[in-house]
Structures are given as C-alpha cells and as structure tokens.
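Student: Given next are the chains, with one letter for each unit.
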Amino acid sequence: MKKIGVFVCHCGRNISSTVNIDEVVEEIKKYPGVALCTDYKYMCSDPGQDLIKKNIQDKKLDGIVIAACSPSLHELTFRNTAVKVGLNPYLTEIANIREQCSWVHSEIKEATPKAISIIESIIEKTKLNESLAPVKVKVNPKALVIGGGIAGIQASLDIANSGHKVILIEKSPSIGGRMAQLSETFPTLDCSQCILTPKMVEVSQHENISLFVYSELEEISGSVGNFKIKIRKKASCVDNNKCTGCGVCSEKCPVSVDSEFDEGMGKRKAIYTPFPQAIPNKPVIDKENCTYFSKDGKCGVCQIVCTLNAIDFDQKDEIVEEEVGAIVIATGYELYPMENMIEYGAGEYPDVINGLQFERLLSASGPTQGEIHRTSDNKIPKRIAFISCVGSRDPEHHLPYCSKICCMYMVKHALLYKEHVPDGEAIVFSIDIRTSGKDYEEFLTRAKEEGNILYIRGKPARIIKQGNDLVVWCINTLTGKQHRVKCDMVVLSMSMVPSSGALDLAKALRIHTNDFGFFTEAHPKLRPVESLVPGFYLAGTAQGPKDIPDTVSQASGAAAKVLTLFSSDEISHSPIIASVNEDLCSGCGICIATCPYDAREMDERKKIVSVNEILCEGCGACISACPSGASQQKNLTDNQIDNMISVLLHSNTKALERE
Amino acid sequence: MKDKKNLTTEINPEIRDILIEMGAEDIYKCYQCGKCTSVCPWFQVEIYDYPVFKFSLETALGVVASSEDKKELDKEIELIYRCVGCEACLEQCPHGISTPNILRAARRLLVDFDSYPETLKSTVQKTHNVGNPFGEHRENRADWAKGLNVLDYQQGMEFLYFPCCLPAYETRNQKVAQATVGVLQKCEVSFGILGVKETCCGEVIRRIGAEDIFKEVAKANIKEFKDSGVKEVLVTSPHCFTTFKNEYPDFGADFEVLHTTQYFSHLIDTGKLKLNKNFDKKVVYHDPCTLGRKNNIYEEPRNILKNIPGLELLEVENFNRSLSLCCGAGSGGLWLEWEKDERIVNVRLKQLTDTGADIIAVACPYCLQMFEETLKSMDVNIKVMDISEIIFECL
Ligand SMILES: Cc1cc2nc3c(=O)[nH]c(=O)nc-3n(C[C@H](O)[C@H](O)[C@H](O)COP(=O)(O)OP(=O)(O)OC[C@H]3O[C@@H](n4cnc5c(N)ncnc54)[C@H](O)[C@@H]3O)c2cc1C
Ligand code: SF4
Ligand code: SF4
Ligand code: SF4
Ligand code: SF4
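Those protein sequence lines, which keep their order, are chains A and B.
The numbering of the first sequence is my numbering, which starts it at 1 and goes up by one.
The numbering of the second sequence is my numbering, which starts it at 1001 and goes up by one.
Each hint can be trusted.
Estimated spans, in silico, between C-beta atoms of each pair:
| hint | chain 1 | residue 1 | chain 2 | residue 2 | range |
| --- | --- | --- | --- | --- | --- |
| 1 | B | 1315 | A | 291 | 36 to 42 Å |
| 2 | B | 1074 | A | 523 | 56 to 62 Å |
| 3 | A | 42 | B | 1250 | 54 to 60 Å |
| 4 | B | 1066 | A | 108 | 47 to 53 Å |
With a straight-line cut-off of 25 Å between C-alpha atoms, the simulated SDA-like cross-links for lysine to any residue are:
| hint | chain 1 | residue 1 | chain 2 | residue 2 |
| --- | --- | --- | --- | --- |
| 5 | B | 1054 | A | 432 |
| 6 | A | 486 | B | 1315 |
| 7 | A | 486 | B | 1049 |
| 8 | A | 486 | B | 1319 |
Stretch by stretch, here's where chain A covers chain B in the computed footprint (C-beta under 8 Å, at least three residues):
| hint | stretch |
| --- | --- |
| 9 | 1023-1035 |
| 10 | 1091-1102 |
Keep in mind that the hints were calculated from the coordinates and are not lab data.
Treat the numbers as computed from the prediction; the structure is a model and nothing was measured.
A virtual CB, placed ideally from N, CA and C, is assigned to each residue, including glycine.
Isolated chain B (complex conformation):
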C-alpha cells in the first residue's frame, strides 16, 4: 500500500514552551470567541480570510510554522507576517490577549531560523549596518535640516528632537521634520538634534522578530542619549514614541518622551503657539494605531485641529479613535507587498475619502508614507498632511 498522508496533528510542547518564553504567554486565556478576527483590518479586506482567533490555540498546541511541505510552510510564514500590529484585536479581546505579541514570538523563532521574508531580512540588516531600515548613508542623516539653522543637541537644551528615519531620509516625509522645526523655532523652543549620530529606534525590527539586533540598537541609543545628557525627547513618529516610552525603560532608559501632537496641543492651550492664518479646508483625522490604541493619545491631535481657524474637522464614521483602522504599514507592513485588492491601505483610504474631506491629517510618518504612495495610483482629489505641516502653514 502507498504511504497514506497522516492527518493527525501532533501536539508539540517544546515549540509551545519556547514561544511562551518569547512572549506568547497569553495563549491559555483564549476562549475562541473570534472577536479579534472580525475587528482585524484584514477582515475588511473582504476577499482575504485572516484567522486571528486560531493563533493562540495553534501556539498552545505548538503547531506554528510546522509544515513539512515547503509551499505550506511559506503560506504559514506569510500568515505570521500579515499582522500589522495595529492592536485592534487586543483592544476588543475580552481577555486582553495580545495576538501581535503571540505572532511576534513566532517571528522571533522564524528569524532565529532565518526563514522570514527576504525584504524584511534586508530591512533588519540595513538597520543593523547603517542605522536606518532604508540603507541610506549615515552621513546624510541630517541633510533634511540643511539651511534651517538647526543646532546640534547640547546638554541644557529643553528637547532632543528625534525625527524618525522616514522624515530624515524620505523626501515627502522630510517636509514634516522641516515643518516641525519651523514651528519649534517660531515658538522659540530650545532644542537640538543628534544629526549623524542618530540611529533608528529599532521599533520595526523588533516587530519583525529580530529581537537580538533590536536590543543591541536600543542599548546603543540609550548610551548615546545618556552620553549627550538627554532628558526629554520630542518625536514625530508614534513608533519611536512607544519604543522610547514603553520599551526602552526595560534596558535602562530614563528620559521623558513627548509626541509632537502632545507638545503642540500644550503650546496652543497655554497661548504660546498662535495660529493666525486661516486653513479653510475640510480635514479628516486618521488615528495612527500606535498613537491612539497603543498610547491613548486621541484628543491632543484633535485639539490642535479644532484650534486652527477655518478648519472643519471631520471623523470617519464608525472607525475613529479606538475603532480606527490601520494604514497597513505597521510591524513591517511598509516593506511587504500584497496583491492589489488585498491591501488594508485601500480600505482605509476609501473610508477617509468617503468623508468628503480635502485633507487627510496624519500624525505618523508611516501613515503619511503609506497614504502618499497609494494615492499616487488612485484617482482622487485629496491630500495628506502631517498635523505639523498644517500648523506650519497657519503660523
């Protein structure tokens, strides 16, 4: 008789224990209600089935990326890397189970075995080698600030301004860093930058699963900040924000972190930032997952927009604040290509454009990048701007 295919799944306690060790400790709490699955952005990409509710159960069984068949295995790896870490599932899960953490444990295992997507391998290597995920030269890191009179950070300054790799290198995003600096200078805030000494915060490589390299990067950054006497960091990216604020303390960091929307909102409330020009536009605000769900910053960006003369603030019905939909760029998503009708960003852009807004206001370089790239191929009359850019225009 020919070999029969064995359909019995063996429970693999060793793999399970390793994954728990790597951060999948929530798995036993899951009662398979599936709420995570229908709130996940992939649910809204209607043609794609993303089985979020299975991850905790499969991890508990130790059957993660366990297929013997190469094709099957690739499919499993793809599933593990689909998650954009938006935490919509965590926000709704009755037991507070973090599926992105469970998947991150699986990713750590895959990175250890070097079997993860090639584009992400290159992201990790570039970050390791030159301090940014794009492989750009270190010497060019401060080019965006040329001619703007931005000082190098010195002890005693109020803030270190940390722009994030996208605003440092990418042309569209550079305008955000430039606008931010413009607003700070107008308000006579004392701040400086690290310039060529600056290195990626490491958020994305940690989400990709390259834990060891992340730790190396984090420790080096913390040392650099300490050596420069940094007490408070002002950031443009919610990803730097959450990493510095919630993750670096585990490795000895003790500096304060502020997101630009928090600081600018404060400057407006205290009368230090005056918005004089009108901005007669309909603006819809897109809550970045990492600023909103992860860090509960929902009102400051709205407070800024409400204070801009002439601006009409719109909301995406059903999908704002904690119920906002991801742009699709998180946890490595920016570097991964999916079939055209399988992209989260298209769903989100449709929701945003359906509001009838002229402008999409964002507060995250990843969202900006993702939306700009996608809008290029869409025939819609809408612009994307970072909140800092809108403020800068109204000074």
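Next up, chain A with everything else stripped away, as it sits in the complex:
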C-alpha cells in the first residue's frame, strides 16, 4: 500500500477561519494509509513547499494530498514541488477545501467535517493513482488566421515576421476589413486607408503568408499543434494568373448593384473589386447578379473585352487541404440592423443612415469623393443629428452591452462633418459620452471646441419625416426642455455585433461564444487572447467591441501566444485521457460514435477499439458510453470514483449519526 502524506493549508485565514485545522489534522492522521499529516499557514510559499519536499524525502512518501485552494490555481505549483524530489507529478493531488468548503460555509461545525471528508476522498483517489508521463505531441509551426481585417492582418504579419508560415483566409474578395471602409480615425484623425494599405501590401508580398481571399474554412479536425483544415476557395470566375487587374471588365459590365463596401451608398458592377486599393487587385464575379449566370449564358461582355482571356465562367469552387498548428480567429464585426429601430424609421427613411454609411460619405475615395450629400435628393445636409447607443445598452429590446467605440466615432463624425460643411450644424444626442482611451477625452474636448458641436443629453424617442426633413423628438434631461429638431440627415450609432457566420464558425471549431456570439476568452482578465480550447487564439472585434488600437494590441498578443506555442517542437498533452482495457473491450464501437474529437479508432486486426492519445481531450464521454467497462479514464477509473463516493457517503452517515 502507498504511503500518503497530507498537507493542510490555512491559506492565511481563508481556510482556517471556518475550518478547524487542528481537528482536521488529528482526524486525517488516523486515516488508513496516511503516513503523515501536517499543516502550514501558506503551503504555496517557499517554506511551505520546503516542508512538502522534506517530508516526501524523509518519510519516503509515494503519494501526497495538498488540502488547499482550487487545483486550477496551484496544482501545477505543487506537482512541480514534488517532481523536484523525484515524485511523479500525477501522484500529487489537491483536495479543494477553500472554494468548495471554507468559502461557502460560515459555521466551523459544518465546514470542518466537510473538509475532512473531501480530503479523505482525495486520499482514496491518490491511493490508486499511477505514475504517468505527459503525452508528447509534435507541433506543426504553421498558423491559420481566419479573417483579414486589421486584426487578422496584424496577427499574420507578427507571426510571419518571426519566420513562421501563415495561411490567412478572408471571405470577401479583399483583405482590409472594416478599417478599409473608414475615412479618418480617432483620436489622431489619420487617414484610415493610408495607414492600413501598407500593411495590406506587406501581407500580399510576404513570403511566409499564403493569402486566400474569397475563401472560407470548410472543415477542420485535429487538435492543438496538429489541425487538418480544408479551405473552400469560391469560384471568382477570373483566372488570377492571367488577370492583371486592368479593370476593363468592370468598366464594361452592364449590371450595377449596391456596393457592400460602400454600404449601399454607392454602386458596383457584377464583376468587381470592392475598392481601388483592394488586395489582391483581382476582380470576382458575383454570380447572383451576373446575367450570364442568372439568365443562362446571356451577356458575356467581360469575357469579350478581356484581352488576356482571364474570364472563366466554368471555374469551380476549389477545396485546398492544409495542416496547421494554431488558429487565430479574427472574424470581426458587423453593425446591428437598422431595420430593428422602427421608432426611428430606420431602413425606411433614406436619410437615416448608420455610422459606416457615413464613413463612406466622408471618405475621399468614397462614392461621393468625400462630399456629403444626402441620399434622398443629393442636397448637402446643413444639419445632422448624431444619435448614440442605438441598439446598445437596451436590454429590453436590443442588446444590453455598450458597443464601446460609437461614442468616439460619433465625436469624430461631428467634427469631420463640420470640416466638410463648415456652415453646417452638428447635434449629438447621447446618454453620456464615454471616452476611456488614451487621448480620447482630449479629442472630445477639441472636437467640442473646434467644431462648436451641440450636445443634447437625451435619447430621442422618434424621428418623424416631414417632407424631406427629419424631425428628431427628444427631451434634454439636463434642462428638462422638449426639442423637436429639424434635421437634413440622421446618423445612428448602431451597436457592434459579431460578423454573420461567427456562430457557425464557433460550432465548427467547437469553441465558445457569449450570448451574443462574441468569441469567449479563456479568462476575462488573465487570458484575454486565448480561447478555452487549446490552439485557438482570439483577435479583434470577434471577441468583443473594440477600437483599432485595442484590436491591434490583441492581435499582437494572440500572435505572441501562437509563437510561444511554436517555440518548441513538441508540446505535452495531459496524460489524463481515456484508455481501453483490451480484455474487456467487445469492439462494439459505441465509443467511436460518441467521441467528439475523433480520437477513437477500430483496430481491425484485434477487433477492439484503441485511443489516439494525441487527439483525446480526456472529456470522458466514451467512458460513460462504454457498456462493458473497458473504457477507463487514467487516474480517474471507475474503482477510484467508487471509492471516493463511498468515503463521502460514509462520512455523511457518520455526520448524521453524530447529530
């Protein structure tokens, strides 16, 4: 039988104020198999660890239990301590008597016996623990980045610049994301495309980056270090090897539809590149609107005018298979649909537009070359209302969260509008203006003073159309005065929501999102750029609303995490995984269907099932599914669990008897 040592931590007064440590030590000393039990004020401190090491050596312990805080905090600490004196790390176990006991009770009378039974059950587990060695997995030092906005661009460049290969996939015809649509950026008001396009070019020229635009992830399998992926390259009907991007096809194409890039404020052709600086500068055919496809074979003008013969109507979607070791998710955001705001007539009144539409009007390369005209009659608007928190901070009808950036872009919009139309009047309607970023409050002050911008504190209830004018109904909650403000145009700061398809992607990758579809980080403070599932990293607005500085910081953070993973050839994977007792397995194969990680395979020769140790995540699904008990989790076998439960039941009976 094993010689087990038990070390009880006071955790200052965190544990000792509700658990009688002396009583615990006395009881545990009597427990069968316990060679030693002792306590210390802070077991995780150096003297605490020395105490453990000394006793392992002196008493020749071959299993230890640390009764302390949650294993998620110090399991690793104590396992490393034990390893230093030659004890296999998997023979060290934690009995959590803080989160599961002292913190949730107030009576010593109740907490003390509970602490004792928690420790006893972990002693039972430790008795049957085996020495294990971590599973070593080779790491494929190549990264996949999904989404080619500024987040994906930055992460790709950081990884590629450190000498590793990157595959960047972008679903639209060009990289650049939303930032490419912006005019000038707060708080410095530098031209968005001017600072973005050099990075886009760098991506396209980088020898370590393979760029797949007009592409999406089709399939994924494997786990951290070794993913297998399939990418669907949508048919663009243009042979990029022949096309030089001269643009004559787009010029001659007779079909004109609303441009997505211009947010419907301008037009594009059925064969198009979304914007002049697009990377790659190769057009794609939008099959839905192209008459060749929708009116079987009619038109074909682009094919006729293209002297290089680059148009290929028969091009098919292509599936590319790749292998990568890490995945960065940078799928970005969209704006909450304006049609949801019936009280503002949004989506119905042409001159009620959203922030991105206004960016396109402001942009020098936009559909109006930076002149602000309203949609309904092309007039230059002489008064614009900017309304904040539209859809955001409205738990009752829309979204409860603050979209974080809209206050700032509203301030920017008002100021830029005044620069474009100096005799125009900008009125901002808001509940409050949130400027919690470096230099942001200063930017607001400057915008207010330079632009003579009027701020009204209040959320308008209605926008009523009177002829071509829009009347904003509002109350100023500071003065209590009613306002019916006649405007030529209204810009709504719509909330940020995850890009469409984010939820499907999350399902395919088997990683978590929050209730609104933003990807969830492993820890909100301490692990903000990792997903809970190893091998997946998060960058930019896919994880939550943020501005460009935060997006870029997070992207570089995600890249650093990827590089940490790539810094060694191998990673070790916990050995607490499933195993198969070959004598008991009947080869029924139920576990194969159960395993969500495809880690089980039939050994056709032996007619039994085996476990792929690299793929197994130790979730335990197969173990509960196995009808013959052949499937066991290492160091958490049925025997161990039975013993732990009977100790707990037994001590419960003891407690009842005592009462």
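Fit chain B with the ligands to the known structure of chain A by using the hints.
Tutor: Chain B with the ligands in isolation, oriented as in the chain A frame:
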C-alpha cells in the same frame, strides 16, 4: 435674520420603500435617457411639459408629492394624475421601466391619504357602491339588451358576454353592445349575459390607485363568475380584457378571455361570419393602447376591416400599432378635464382626421366615448364607429 427658504432636498428612504412595496420596483434601473418623455402623448400636446423621466429618480429619492406648500402639492398631485397609462413609455424604455406602475404606486399612497382629485374620488365611490363608475342604478344595467332576446348566462353556454360599464349605460356606447349581440346572434353563437348581477371589472379604480377597493371588486366578480360556471368571457372593452386576463388570475380567476375583435376575426377566417354588404368608406383604425401595446393585439382588428367588402383601410402614418397615440381616456383620464389646448384627444383626432378617412374605427368603449365627446365641439366631417358596429352594418 428672516427665515431663509431651505432649498436642500432631503432623501426620504421611508417613502421610497413604501412606494417600492406598492409597485415602483423598477426605479433603480433608470439611466435618465428621457426616451419615455418624448414618446409620451403629453409631449405631443406641445404646450405642456410632462417630465416622465423624473418620476423614477424622484421616487428613488422618496420625494414624491412631498411639498409642504399646498399649491405646490396640488401641482405635484396633478402631475401624478396626468398619466393616462398608455404605456408608450414602457414600450420604448431601454430598461423596460413601467412609469405608469411607478405613478400608480404614488397614487396608492395619495388614495390612502385621501388626497387625490375629487372627480376621481367620486368615480371610486360609485364603483364601490353601485358597481359602475357613473353611479347609475344597478337595476338598469341590462336595459341596453331590452327587446333583443339576450339570454341570461347559464352554465354550458359557450361565452359570457361582458359589455363593460360604458356600453351598458351610456347611450352612444350601448349601440356597440347591441351590434355585438346582433353579430353573435347572426352567427348562432351560444352566449348569455349576467345582467343586473354584472359589476365593473375595476380596471379604472385600480389605475386611480384605489387598490383595496379594486381587490374587493375583483374578488366579488371572480366569485360571481365561478358561481355562474363561467369558463370563457367575451369582452368589448380592452380594459376589461387586460384586467380579467392579466390581473384577475392573481386573485384566483381561471376563466378564458377573448376580445370581440379576436373572436370576430376568427369567425371570419373560419367562414362562420360572412360579410355580405359593401361598406364603401375610407376607414382609419385607431389602436387602443390597452388592446395594442398592452396585449399585442394589432392584426385581428385590421384583419376584420380588410375583409369588409368595399372598405378602404387607412393608417395614421408614424403613429400606428405599437407607436399609436392614446385617446387620453385611460387610467382615469376620462374623468379629468384639462385646459382646451392641453388635451391629448385633440392631437389624436387631428392625426386621425388628417388621413382623410370618413370613419374612425375603434375597438374600445373609452376611445369611442372620448372621440365622440370631443368631435361634438369640432367642425369635422368624420364619424367614429366600433368595429362591431361596422360588422353589424355589413351582415
Ligand atoms: C462607423 C465606425 C467608425 C469607426 N471609426 C474608428 C476610428 O476612427 N478609430 C478606431 O480606432 N476605430 C474605429 N472603428 C472601429 C474599427 O472599425 C474596428 O476596431 C476594427 O475595424 C476592427 O477590426 P477587426 O479586424 O477586428 O474586424 P473587421 O474589420 O470586421 O475584419 C474582420 C474580417 O474578417 C472577415 N471575416 C468574417 N468572417 C469570416 C469568416 N468566417 N471567414 C473568413 N473571413 C471572415 C471579414 O470579411 C472582415 O474582412 C470604427 C467603427 C465603426 C463602425
Ligand atoms: S457576364 Fe456580363 S453581367 Fe456578368 S460579370 Fe461579365 S459583364 Fe457583368
Ligand atoms: S475521452 Fe473518450 S470521448 Fe473524450 S476524446 Fe478521449 S476517446 Fe474521445
Ligand atoms: S403611460 Fe403614457 S401617459 Fe403615462 S407617462 Fe407613460 S407615456 Fe406618458
Ligand atoms: S426611458 Fe426608461 S431609462 Fe430612459 S429615462 Fe425613461 S424610465 Fe428612465
């Protein structure tokens, strides 16, 4: 030195706690955006400032109807009784705060101290004494049905028809009850009425703040319905509808409730109600707050009107369905008089007449009453009809 006026407002936690207890539990959610205020019908009465957004904050401070000065106090009480309970504010509030409930808490306090408007006191007393807010005799409650062959309700009948006090007593509104009965009889629906045993549902006195008397009335009604074996009630008034459906269950009611527009729409869809005659008129439908916003019944009334041959259905632009404007009669408003240019009903009637309609279709006795009364003094060529009356004309 002379006494200086103290401008410091003391926070009064006791009053606040009492008001929370009385139904103002939403107050802490308010972030003072003011959306409620500019969607409130009083905003459209352009000369009158109604500070809806302040009510939750003032309640949280416990400074409701707290003035020492009699004149000031009267003004505060007036503010509390201006609200017509239309829930336009609730519909738009980002935090789902019910200002009418907050004000109802204040009203309960005022009723407890007997300091509320005299006309409303009389409404409450009459309802308590004779079972209707007009003080009409109980024995005359079923006079409207004389000569129409309307049976007393008996167990086993499909519906109890409950007309509401206005159609029971008030001459113009009686025609609605009569038309409703006519439609039901034509469709051979088995129904009866409680007649002189019928008592007001109590909606209005509850909104006025007379909670205890309301409870008494509600319990008595529930007992009466149970004793008569009522399983399903058909109502003309959205106010009875919401009280029976959403409030009586708290006091043990377990019967079903249908509004006439729901039932008639169903009869049309299933082919049981056939509309044969043409109604060649332009009709604009006015959504009653209590049917629409409060109970989400927007499409059934429109479905009926769309099925009437010859009828052209109009909508009030910008102010229909959930964005409809109140007629001003709710929560005691029918009994309160405001200065001529301070009336919600005038604003609404202007919106309705501006559509160019010949007829305003309503589905609520309060709206009908309010519009009819006001139209008398207006020089416009428009008529008000309940949807049941229009159906009856087309049989
Ligand atoms: C009106 C407005 C004004 C703004 N102004 C400023 C400003 O002045 N200053 C500032 O700092 N910030 C500003 N911002 C914020 C800024 O736009 C964002 O912080 C930034 O663009 C976020 O970058 P991203 O890469 O996370 O997302 P995105 O730019 O949205 O990029 C995501 C990319 O991923 C692609 N994608 C999505 N799903 C998939 C998929 N399944 N497969 C492949 N590709 C996919 C998308 O096509 C897109 O190209 C503004 C935002 C708005 C709405
Ligand atoms: S075939 Fe015609 S419609 Fe289609 S992309 Fe070419 S030019 Fe445009
Ligand atoms: S524990 Fe079982 S279900 Fe889970 S990954 Fe391993 S084999 Fe698959
Ligand atoms: S319920 Fe109607 S009247 Fe009362 S405050 Fe709200 S919007 Fe105004
Ligand atoms: S709409 Fe709601 S949150 Fe806004 S001021 Fe009115 S009650 Fe408060």
